[in-house]
Amino acid sequence: AQSVTQLDSQVPVFEEAPVELRCNYSSSVSVYLFWYVQYPNQGLQLLLKYLSGSTLVKGINGFEAEFNKSQTSFHLRKPSVHISDTAEYFCAVSDIIPRGSTLGRLYFGRGTQLTVWP
Amino acid sequence: NAGVTQTPKFRVLKTGQSMTLLCAQDMNHEYMYWYRQDPGMGLRLIHYSVGEGTTAKGEVPDGYNVSRLKKQNFLLGLESAAPSQTSVYFCASSPSLVTPRGYEQYFGPGTRLTVT
Numbered sequence: 008a009q010s011v012t013q014l015d016s017q018v019p020v021f022e023e024a025p026v027e028l029r030c031n032y033s034s035s036v037s038v039y040l041f042w043y044v045q046y047p048n049q050g051l052q053l054l055l056k057y058l059s060g061s062t063l064v065k066g067i068n069g070f071e072a073e074f075n076k077s078q079t080s081f082h083l084r085k086p087s088v089h090i091s092d093t094a095e096y097f098c099a100v101s102d103i104i105p106r107g108s109t110l111g112r113l114y115f116g117r118g119t120q121l122t123v124w125p
Numbered sequence: 016n017a018g019v020t021q022t023p024k025f026r027v028l029k030t031g032q033s034m035t036l037l038c039a040q041d042m043n044h045e046y047m048y049w050y051r052q053d054p055g056m057g058l059r060l061i062h063y064s065v066g067e068g069t070t071a072k073g074e075v076p077d078g079y080n081v082s083r084l085k086k087q088n089f090l091l092g093l094e095s096a097a098p099s100q101t102s103v104y105f106c107a108s109s110p111s112l113v114t115p116r117g118y119e120q121y122f123g124p125g126t127r128l129t130v131t
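Chains as they are written, first to last, in my numbering: chain W, 8 to 125; chain G, 16 to 131.
Just so you know, the hints here were simulated from the structure itself, not pulled from any lab data.
Here the structure is a predicted model, which means the values were calculated and not measured.
Ideal Cβ positions, reconstructed from N, Cα and C, are used throughout, including at glycine.
Any given hint might turn out to be false.
Cβ-Cβ distance ranges computed for the label pairs, FRET-style [said to hold, decoys possible]:
| id | chain 1 | residue 1 | chain 2 | residue 2 | range |
| --- | --- | --- | --- | --- | --- |
| 1 | W | Asn75 | G | Pro98 | 40 to 46 Å |
| 2 | G | Asp77 | W | Glu27 | 36 to 42 Å |
| 3 | W | Lys65 | G | Ala97 | 39 to 45 Å |
| 4 | G | Ser99 | W | Gly60 | 40 to 46 Å |
| 5 | W | Asn75 | G | Glu94 | 41 to 47 Å |
| 6 | G | Lys72 | W | Ser16 | 27 to 33 Å |
| 7 | G | Asp41 | W | Gln17 | 32 to 38 Å |
Using the sequences and the hints, build the whole thing.
Given below as structure tokens:
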């Protein structure tokens, strides 16, 4: 089974500073990768995803992430954060399963709390 | 198009009581999931369903049962609640695994359950 490691449980930054939230996964098989964001007292919202193609993917709210297969990483970045980006961010990974199989599922990291200070 | 909805939003139970959480989706998705979220633990899969009438265990299934009698609904039951089941419960759905986009899961707003 996959394991997903989010290396920082809390990341405090000042407004307009750049930020990187790190995510590593364990499996070397082909994967799909996701970042979800959870604002206080809300459900999870998809921020961006890597399914195929360019390893640099862009998502909503100015976030982007880079898939690095050799390092099994999918780090999330934003060049200039806003106070409204304060939220918890979850990295999730799914093994690509053979067609017709029904065993695919998402594995989540433990989350990174991003706090943006004025 | 409401997406994924969950009822109730909040619930307080006494130890030993039972309850059912309801998840509904209007996107005609094949797959549905129940997760629990605890501080510092991320989301852990309780049970999931790959289609109407089917269910399967996730990584933390003990103490929970599920049913998927209709494609759009996925019910999570607690037969005898315990304080360890105090958590936030999320339901999610996804189209299927036939295409890459089918792996993307759509989440409900959550149910906050407290067991005293």
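Outcome of range test on Cβ distance (Asp77 (chain G), Glu27 (chain W); 36 to 42 Å):
holds (37 Å)
I want to verify a distance hint. Is the separation of the beta carbons of Ser99 (chain G) and Gly60 (chain W) within 40 to 46 Å?
With Cβ atoms ~43 Å apart, the hint holds.
Has the hinted range 39 to 45 Å been met by the Cβ atoms of Lys65 (chain W) and Ala97 (chain G)?
Taking Cβ atoms as reference, Lys65 (chain W) and Ala97 (chain G) lie about 44 Å apart, which means the hint holds.
Given the hint of 40 to 46 Å, is the C-beta distance from Asn75 (chain W) to Pro98 (chain G) inside that range or not?
For Asn75 (chain W) and Pro98 (chain G) the Cβ distance comes to about 42 Å; the hint holds.
Measuring from beta carbon to beta carbon, are Asp41 (chain G) and Gln17 (chain W) in 32 to 38 Å?
Roughly 36 Å apart at Cβ, these two residues keep to the hinted range, so it holds.
Is the distance from the Cβ of Asn75 (chain W) to the Cβ of Glu94 (chain G) consistent with 41 to 47 Å?
holds (45 Å)
Would you say the C-beta atoms of Lys72 (chain G) and Ser16 (chain W) sit inside 27 to 33 Å of each other?
holds (28 Å)
The structure fails none of the hints (numbered hints given earlier).
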